[in-house]
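Sequences are here, hints too, so could you generate the full structure?
Protein sequence lines correspond, in order, to chains U and V. Positions in the first sequence are counted from 1; adding 28 to them yields the working numbering. Positions in the second sequence are counted from 1; adding 515 to them yields the working numbering.
Simulated from the structure, these hints should not be mistaken for laboratory data. Each hint should be verified, as a subset may be incorrect.
[Unchecked claim] No farther apart than 30 angstroms at their CA atoms in a straight line, the calculated lysine-lysine pairs in the DSS-like style are these:
no.: 1; chain 1: U; residue 1: K83; chain 2: V; residue 2: K980
no.: 2; chain 1: U; residue 1: K62; chain 2: V; residue 2: K795
no.: 3; chain 1: V; residue 1: K790; chain 2: V; residue 2: K677
no.: 4; chain 1: V; residue 1: K1034; chain 2: U; residue 2: K62
no.: 5; chain 1: U; residue 1: K36; chain 2: U; residue 2: K83
[Claimed, not checked] Chain V is nowhere near these chain U residues, computed Cβ spacing over 12 angstroms in every case:
no.: 6; residue: R55
no.: 7; residue: T58
no.: 8; residue: P175
no.: 9; residue: A193
no.: 10; residue: A237
[To be verified] Quick look at which bits of chain V chain U covers, simulated, 3 or more residues with Cβ under 8 angstroms:
no.: 11; segment: 759-770
no.: 12; segment: 908-918
no.: 13; segment: 1040-1049
Yeah, the Cβ is synthetic: ideal placement off N, Cα and C, and Gly gets one too.
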Amino acid sequence: MSGHSEEKTKTLNLIVWRQAGPDKPGRFETYIAKNITDHHSFLEMLDVVNEELIKEGKEPIVFDHDCREGICGVCSQVINGVPHGGHERTTVCQLHMRLFKDGDTIYIEPWRARAFPIIKDLMVNRGALDRIIQAGGYTSVHTGGTPDANAIPIPRPDAEYAMDAAECIGCGACVAACPNGSAMLFTGAKVSQFAALPQGQVEAAERVANMLKEMQDCGFGNCSNHYECQAACPKGISVKFIARLNREYLKSLF
Amino acid sequence: MKLVNPSNKRKYKILVVGTGLAGASAAASLGELGYNVESFCYQDSPRRAHSIAAQGGINAAKNYPNDGDSIRRLYYDTIKGGDFRSREADVWRLAQVSNEIIDQCVAQGVPFARDYAGYLDTRSFGGAQVSRTFYARGQTGQQLLLGAYSALSRQIRLQTVKLFPRTEMLDLILIDGEAKGITIRDLVTGEIRVHVGDAVLLCTGGYANVFNLSTNARGCSVTAIWKAYRKGAFFANPCFTQIHPTCIPQAGDYQSKLTLMSESLRNDGRIWVPKNKGDKRAPNDIPEDDRDYFLERKYPSFGNLAPRDISSRAAKEACDDGRGVGPGGRGVYLDFRDPIKRLGEHVIRERYSNLFEMYERITGEDGYKVPMRIYPASHYAMGGLWVDYNLMSNIPGLFVLGEANFSVHGANRLGASALMQGLADGYFVIPYTVAHYLASSKPGKAKEDHAECKKSIEDVKAHTKKLLLINGKETPAEFMRKLGNVTWNNIGMARSKESLTEALAKIPEIREEFWKNLKVSGTEFEVNQQLENAGRTIDFIEFAELLCRDALNRDESCGAHFRVEHQLPDGEAKRNDENFSYVAAWGFKGDGVPPELHKEPLEFNLIKPAVRSYK
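Spelled out as structure tokens, the structure:
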């Protein structure tokens, strides 16, 4: 817009976690981000820093990113101690630099959790979340031969509840935020989605038992009721789904 | 159609590249049937594929609202929307299986929107007069992909599918003229290795990132299908690319992508630019007389709801005229002042609050108080590898699914049809058609130590090494920006003989400079995102030339392909059925040699091609 002040730029001090590989020691390195405007997204700011590093013949900072519109769930950075930077319903890729002041110091770290080994710098391995889904995050329906989509009416509140749970983008911020490295918000959301739908009833008991067992086998902790997961979740997934997970688990025992 | 005996299926290995709607649904369905499947994606998880970003919905001819929909009508709308440049039989089949897709997804637990009686809700979408679009809030792509991902996850657990995430396909291997393997790079360790199988399925999406900037994810590339093209697969209609009119405009050169907002905003918002060039006043200070509501002025009957391509071009013209707004002058206002006055802010909030929030998050501006700024962006490729009715390319054993193939959307895709096609191909077409091919070939024919496999590994290693050794001064991102600007300005929303000839001169220059002056840091034996970008960039540079050539050859306007030389008095595309009612399928003949054009004539038996009119 004509009234914009895109000429005004900011300089930021970045203190970034660098780690060459899973078994290598890591350390913080300091970088200066120059000529950053209000309109740069956080990742575009890092792009600018990386372009300079490449030109200087240095290794750019490795970080996961893809859709850059807050839906693929791959971006994963702890910014000033908070996964995704602590703005409501916002992933790292949707953070914008207008939220930072000229001269700010920003700490950037990877997700830290026993179940998410660091691959390089800010990139971690979240295969454990896939394994939890593989353990039961589905209905065992074959392709084809399914009844007409309107054959089973589903009360609207149930469908909405399932959709609230299904909004999870699988980024793992809940795990990174949890003092116990728990994936119960992630697991609870998937279990709750199916628990609310008639299609999920047949395998309900088996599903919750298998998914929770896999969660523990992967090295995630249990919920310790801090609710940090809910605060960090960029999709606003509620801790009520952890309560539902616990109820479904108890039900499965009888 | 031939079948494979159930007990023999496990002997056949199928390589599926890509885990979007097409790839995940194909891998899951083939795994279920008992085939031995390997699934590859460049992302860290199959759930991240870019199908996830689709907002609007998925079409099906269910006729639940009783509003006169049918398979024939869905077929007709798709053919007409594609401006009579799609293959009739493929579209008919797509319409036929559309209903099964919805059934399948509901059975998987996809939480589609429902009415208070508990039945599925639908909405209407562009290019249709019936309400046939099923949706899950503004995240239909996400929910459908998670459905396919869950089916895939189940097969991984059952060990019928083996998953290779963070893996990029860099070559296709042909043995005795048939597709029998791929060469990949492990993006974590840098290892380059071969996977052999009895058939290869490319489900690797579109190439909209050839333009600067697009709405695609950063990792979306033409690489997989381009490598296949270089091995002999025909590339069909590469010039058919679609532009979306309501994206949030670019803020600066550093920008990495554009974000799309639902077009529904145009139902109420009024689009305008200042009448005078260089008007620096804030939008709310510009009086009515100094505003040019250019769509209402040029297209009085359609106004702000003029079709996608026409609105996009009108916005470009206003900006070319020096009247664009916002940083860089590439934007037009989408103003809600009048509808807010007429209906009240609460009504606008009810209708569009999620879009206003999205806009504010990105721009920091409150769209209720200050007009939004929008600009068109590239977001979908109708063109892709040529396939027959069975989705097999001209290379036996190479199948191409979803956005990566060319067949059903013609010169223009209708909203909510991309999701339908991806899942139709993966769930319901490929399980039948791949069997027909496999039944006539002996399983396990290809071996990893075959000379072609060794050669492919050597080629990929040499290519990688070459990229690292140039040690020039410009980064892959700078080359991509350079290319993207040429493609966007010369082959973007409007094309002319002049602009295309110019691009055909500039692109080879960029290619030459690339090989002289590229700078990639790091080594090939580790995570190296610059190396990945460099490989994708050079493929885009090579591909852009083919895109140009195709656009130049197609000396007509049709659908989204707009040659300024060929337009009707109202600015609509002027088709030339006499000379161009064909699929242009290009065959690679070697570097520095012009590609060979093969023409597949299009025949329409059920309807007659007519002027595409939405008046």
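Comparing the hints with the structure gives:
Our distance criterion of 30 angstroms between C-alpha atoms is met by U/K83 and V/K980, whose separation comes to about 19 angstroms. For the proposed pair U/K62 and V/K795, the alpha carbon gap of about 27 angstroms is at most 30 angstroms, so the pair holds. Distance restraint check for V/K790 and V/K677: the Cα-Cα separation of roughly 60 angstroms exceeds the 30 angstroms cut-off, and the hinted pair is therefore not satisfied. Distance hint between V/K1034 and U/K62 is fulfilled; the C-alpha atoms sit about 21 angstroms from each other, no more than 30 angstroms.
A hinted pair counts as satisfied when its Cα atoms are at most 30 angstroms apart, and U/K36 with U/K83 qualifies at roughly 25 angstroms. Interface exclusion of U/R55 from chain V stands, the closest Cβ pair being 17 angstroms apart, more than 12 angstroms. Every beta carbon of chain V lies more than 12 angstroms from that of U/T58, the smallest distance being close to 19 angstroms; the non-interface claim holds. Annotated as non-interface, U/P175 brings its C-beta within 12 angstroms of a C-beta of chain V; the closest such distance is 7 angstroms.
Not every C-beta of chain V lies more than 12 angstroms from that of U/A193, the closest at about 8 angstroms, which undercuts listing it as non-interface. Distance check for U/A237 against chain V: the nearest CB is about 14 angstroms away, which clears 12 angstroms, and the non-interface claim stands. Check on the segment 759-770 of chain V: 4 of its residues sit with their Cβ under 8 angstroms from a Cβ of chain U, so the three-residue criterion for coverage holds. Only when three residues or more bring their CB closer than 8 angstroms to a CB of chain U does the claim for the segment 908-918 of chain V stand; here the count is 0, and the claim is violated.
With a threshold of 8 angstroms between beta carbons, the proposed coverage of the segment 1040-1049 of chain V by chain U holds, since 4 of its residues qualify and at least three are required.
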